[in-house]
Structure formats: structure tokens, C-alpha cells
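Student: Sequence:
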Amino acid sequence: MVVWRIIDGKPGHENQSLGLVNALMRCLPGVEVFDIPAETKASVLWYWMIGRFPVANNLPDPDLVIGAGHATHFSLLAARRAHGGRAVVLMKPSLPIKVFDLCVIPAHDDVEPGRGVFITRGVLNPLSSEGVHDPKKALFLIGGPSKHHGWDDESLVSQIIDITKASPQVSFNLTTSRRTPGAFLEQLKKIDSDNLCIIPVEQTAPGWVAGQLAESSLAWVTEDSVSMVYEALTSGVGVGILEVPRITNSHVSAGLEDLINEGVVVPYRRWVKESESYRNEKPLDEAWRCADWLIEKWLNEN
Numbered sequence: 001m002v003v004w005r006i007i008d009g010k011p012g013h014e015n016q017s018l019g020l021v022n023a024l025m026r027c028l029p030g031v032e033v034f035d036i037p038a039e040t041k042a043s044v045l046w047y048w049m050i051g052r053f054p055v056a057n058n059l060p061d062p063d064l065v066i067g068a069g070h071a072t073h074f075s076l077l078a079a080r081r082a083h084g085g086r087a088v089v090l091m092k093p094s095l096p097i098k099v100f101d102l103c104v105i106p107a108h109d110d111v112e113p114g115r116g117v118f119i120t121r122g123v124l125n126p127l128s129s130e131g132v133h134d135p136k137k138a139l140f141l142i143g144g145p146s147k148h149h150g151w152d153d154e155s156l157v158s159q160i161i162d163i164t165k166a167s168p169q170v171s172f173n174l175t176t177s178r179r180t181p182g183a184f185l186e187q188l189k190k191i192d193s194d195n196l197c198i199i200p201v202e203q204t205a206p207g208w209v210a211g212q213l214a215e216s217s218l219a220w221v222t223e224d225s226v227s228m229v230y231e232a233l234t235s236g237v238g239v240g241i242l243e244v245p246r247i248t249n250s251h252v253s254a255g256l257e258d259l260i261n262e263g264v265v266v267p268y269r270r271w272v273k274e275s276e277s278y279r280n281e282k283p284l285d286e287a288w289r290c291a292d293w294l295i296e297k298w299l300n301e302n
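Numbered continuously in UniProt numbering, the sequence shown closes out at residue 302.
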């Protein structure tokens, strides 16, 4: 199988397509993958009109052309028109669904399943459940204010103190994100705790979070960081939800509530009342599920 991966330079989008590519390679021997930067909209529209995609002229023709992000849409279509294969977009597209062979869309985007649509729990990611998952190691993943969420330094610090004090035998690593307010980090550094180590995002290397999830048995994630919630669930750790103020309800927050109601993740408020377990009995592997579907439906018909 030959896969062309159209990339737009955005790590979040590239992680999604990498997740599917990695899953295809787990399912099938001999998968060849070629990364192709997305063309500008003006040039790629011209290529589509004349049926050419010259940036890939020296590559073997693809079986699949995969991309995530709006900037990849027209490159996917131009590549397919010029070189064949099936175009797979990993999102709810800004173009009509029917122009792609398959749209892999998170359930929280509220698109009806149907021909050309594959629904997933969360966006795809490249993590797996492999790892030691030491019961004496845990992780805090801290996001920041967003369009749908506010921020409360005092409340969040209090939650972290409660959790670390309740498990003195566990070593907690905590990292931040680019959105984390500086004032929160300053408050956090005042915590007197022997089992909490703070590693700001600026001090982490690419792949650090994935490595920490593989070593840990538990991750607490702020509820604004829904993509991190799904990555943690895929990694095989138990997942707790740190609460931050919610400004508006959204499809994404509704998806998180579904996870809470199903007992897949445990919110801080429930943990306080019930000391509820947060073991991840059945890690997500949506990338593998999607890859398996692609192989079963498309490869086996050839």
C-alpha cells in the first residue's frame, strides 16, 4: 500500500494523520508513506483544473491520500485527480463531504454516519497503550483559557493539592501548555509538596507527553484540553478531569460529558465524593479501528 500524507505544518493536524498512518503500518506489512506539503490554494486549484499535481510526479501512485486541516483539502483532491487513489480527510471538511472518498469525523462534530463518513471518539492520534504504566507515577496535563472555558488559578491549585496529598506514594509530574497563564504557574510553584514536580512546556521536548503517559498509570487533564483527554485514553492510563469554569457549552464539551456519564473518565467532583477508581480497562484505539475499516472495505475488494 502506498500512502501520500498531505501535511500543513500544524502539529495537531499532522499528529492526526500520523496516527492513521502508524495504525495502517501496524495492520499491514510494507506500507510506504510519503509526506507532501500542502500547496497554496491558488496553485492547487490550477493543478486540479488541469489534472496535474507536479510536486508528486516522482512518487509511486497512491492507494490513499490522507490529510487533516482545511489547508489540505484542495491538495487531496488535486492529488487524487492527477494520480488516483482515494482521498481521506480527517475532520469535518469545509467542502462538501461527498467530494472526498472518506471523511473521518469526531462524534462531537454531530455529523450523521453514512456513506463516506467514519465516526470516531475524539480526533485520531499516534499514541498506543504500550508502556510500563507504573502505579507509582502520574501526570497532570494543564491547558488554559479558551473560547469555551475560563480559568480559576485558586480552584485549580486546590484540586492539584488535594490529589497529590491523597496519594503521597505517587510521584506526579505536571506540565503546562502554551495557553497556561503565567500567574497560575507562579502560584503552583508555591505548593509545598514532596511528590509534585513541575515541568513547564518550554522545558519539554517533542514526544515528552507521550513518553510520560507510557510510564504513568494515571493522568489528570484540565477539561479545556479535550484532545489531551483522548490522547490519555488512547495511551492506556486512567483519566481524571480537572475542572475549570465553563463559559459556553459546545459539541466538544458535550462529548466530554458523555465520557463522564459512561464512567470512562472521572471528574474531580466525583473523585472527591466517591474516591472513584479511574482505571482504563479498555483503552481507545480509534486510529487502529479506522485503519482496520479501510483495509477491510477497500483493500479486500481489490
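Keep in mind that the hints were calculated from the coordinates and are not lab data.
You may find that some hints are simply not true.
Computed cross-link-like contacts, SDA-like style, restricted to lysine to any residue with a CA-CA straight-line distance of at most 20 Å [unchecked claim]:
id	residue 1	residue 2
1	Lys165	Leu196
2	Lys282	Thr120
3	Lys165	Glu274
4	Lys98	Phe118
5	Lys273	Ala166
6	Lys10	Ser94
7	Lys190	Trp208
8	Lys189	Gly207
9	Lys98	Pro126
10	Lys92	Pro60
11	Lys136	Ser193
12	Lys92	Lys136
13	Lys189	Ala214
Label pairs and their calculated CB-CB ranges [as the list claims (entries may be wrong)]:
id	residue 1	residue 2	range
14	Ile260	Asp109	27 to 35 Å
15	Pro29	Pro200	39 to 47 Å
16	Gly211	Asp162	32 to 40 Å
17	Phe34	Pro200	44 to 52 Å
18	Ser177	Ile260	43 to 51 Å
19	Ile260	Ile191	46 to 54 Å
20	Asn57	Val157	52 to 60 Å
21	Gly51	Gly182	50 to 58 Å
22	Leu28	Asp192	27 to 35 Å
23	His70	Asp35	43 to 51 Å
24	Ala183	Pro60	23 to 31 Å
25	Val157	Pro96	41 to 49 Å
26	Pro60	Asp109	31 to 39 Å
Glycine included, C-beta positions come from ideal geometry on N, C-alpha and C.
Student: Looking back at the numbered hints, which does the structure fail to meet, lowest number first?
Tutor: Numbers 7, 8, 9, 10, 12, 13, 14, 16, 17, 18, 19, 22, 23 and 24, in rising order.
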